[in-house]
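Put chain B on the given structure of chain A with help from the hints.
If you want the building blocks of each chain, they are given just below.
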Amino acid sequence: MFQTLSIQTAFAAWLDTAKFDIERCFIRENRYQLLLDGIGITIKVSIVAALLGLVIGFIIALCNLSKNKVLNGIGKVYTDVIRGTPSVTQLMIIYFVIFATVDIDKWLIASFAFAINSGAYVSEIIRAGILSIDKGQTEAGRSLGLKGWQTMFYIVVPQAVKNIFPALCNEFITLIKETAIVGYVGLMDIQKAGDFIKSATYEAFVPLIATAIIYFVIIKILTLSLGAIEKKLRKADNR
Amino acid sequence: MIKVHNLHKSFADNHVLCGIDEHITKGEVVVVIGPSGSGKSTFLRCLNLLEIPTEGEILVDDVKINDPKTDINEIRQKMGMVFQHFNLFPHLTVKENITLAPVKLKKMTKEQADQKALELLKIVGLEEKADSYPAQLSGGQKQRIAIARSLAMEPEIMLFDEPTSALDPEMVGEVLDVMKNLAKSGMTMVVVTHEMGFAREVGTRLIFMDEGKVIECGDPKEVLSNPQNDRTKLFLSKVL
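Chains as they are written, first to last, in my numbering: chain A, 109 to 347; chain B, 3 to 242.
Do not rely on the hints blindly, as some may be mistaken.
[Said to hold, decoys possible] Derived pair list, reagent style DSS-like, types lysine-lysine, alpha-carbon separation capped at 30 Å: (1) A:K270 x B:K106; (2) A:K243 x B:K71; (3) B:K118 x A:K255; (4) B:K112 x A:K243; (5) B:K182 x A:K243; (6) B:K80 x B:K108; (7) A:K243 x B:K118; (8) A:K340 x B:K118; (9) B:K109 x A:K255; (10) B:K108 x A:K270; (11) B:K108 x B:K28; (12) A:K255 x B:K28; (13) B:K66 x A:K177; (14) A:K255 x B:K71; (15) B:K215 x A:K243; (16) B:K112 x A:K255; (17) A:K255 x B:K5.
If you are wondering where the hints come from, they were derived from the structure by calculation, not from laboratory data.
From a predicted model like this one, the values you see are computed outputs, not experimental measurements.
One chain only, chain A, in its complex shape (with noise of 0.2 Å):
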């Protein structure tokens, strides 16, 4: 009797305490505000990241797989330095240095980085999945008179995208995580949002913990569109 009332007291106590600390994380000052502005951030900079890192990507792949020894070089030096470098380093570098005097959203110049950062490894992932094509369905395509890019991107791409779509996706979700750097070039995301929230309530705990579910539900919410996007890509596998 005395124990479980005991029990009742902590757990009346911890309650008020998280109350009172999730109060004080996001309702004071309207604090929610802020990861709520992270979250638009996050998204902003990781859809854009990823659609012309995909373009990069492309176009990188193209290079690499060409026959010409100069395009060879470019794409090879490309994900050389790219895949040599830590993104931290190279987003400093885009920001600081190369976009220094450009008058752009920062926002659109963190995509950018991470664009080029992206574009270096879904070369490869593009690589392997052409490569993976038969020679055969290039030779068919080739044979009906078909020009190489109509070869390309008519019968070959299309077979490779399916092949892909699980590494792409992953390489995409690896892109949202790495934005959490944004705030080295002082943009306010999820995660710099919930760093500013600690500082400022001097309470680790909620705040972090609240950006890591934030950053999950995110990841969870595409992982489930992603998996219902690739089960249409695999129709025409269906006996």
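Then chain B, alone, in the frame of chain A:
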């Protein structure tokens, strides 16, 4: 229709074709036989430039096709090709496989191509498969679709690269029947095959190749029953 002069092809140090001279006229059904490694597939693949000859020239309707100035894509539209492993496009339905090239190359509108696809499917006896995917078909059905796909471009010449070699024995017949009908309709055909029955029945000329050269050439019935060259005799004694 196709003239081949002094055709050579090497892969690195490997000399696959060593000087081939051939003249294929309209309406001929030329059957190419020979042991594996004799260069017969390479010869066929040179005819539509899937392999680029190292030396010599190939003329299709008096246009030199292995000339960088020739638009090979245009020539290929006149030359259908059927592969050993079918090479159907697995991400497209049967009908889309057939209509892709004619539509993208602006030879037909979408409606015309659909119409044409249904006609061709009727010819190869697979109308009911128009909306299936290649993965849902048997080998024989795939090859018949592959033939229909080539025919959709309304080619003047059809090249067959061992079209029945990857098939179960019981499916060989259905593919050969389609090819026989095609030959009867007057199509110019070059067929690399091991089907001696087909050569005898519909071939107008038989070419026996070995070590990159044409060893013997003539009327199929004549060559098959009464080969002149020793190597031809040896080969035929093994396969017949």
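For each hint, the structure was consulted:
| no. | hint | in the structure |
| --- | --- | --- |
| 1 | A:K270 x B:K106 | 22 Å, holds |
| 2 | A:K243 x B:K71 | 25 Å, holds |
| 3 | B:K118 x A:K255 | 22 Å, holds |
| 4 | B:K112 x A:K243 | 27 Å, holds |
| 5 | B:K182 x A:K243 | 29 Å, holds |
| 6 | B:K80 x B:K108 | 14 Å, holds |
| 7 | A:K243 x B:K118 | 28 Å, holds |
| 8 | A:K340 x B:K118 | 29 Å, holds |
| 9 | B:K109 x A:K255 | 14 Å, holds |
| 10 | B:K108 x A:K270 | 27 Å, holds |
| 11 | B:K108 x B:K28 | 26 Å, holds |
| 12 | A:K255 x B:K28 | 27 Å, holds |
| 13 | B:K66 x A:K177 | 29 Å, holds |
| 14 | A:K255 x B:K71 | 15 Å, holds |
| 15 | B:K215 x A:K243 | 27 Å, holds |
| 16 | B:K112 x A:K255 | 19 Å, holds |
| 17 | A:K255 x B:K5 | 24 Å, holds |
Of the numbered hints given earlier, the model fails none.
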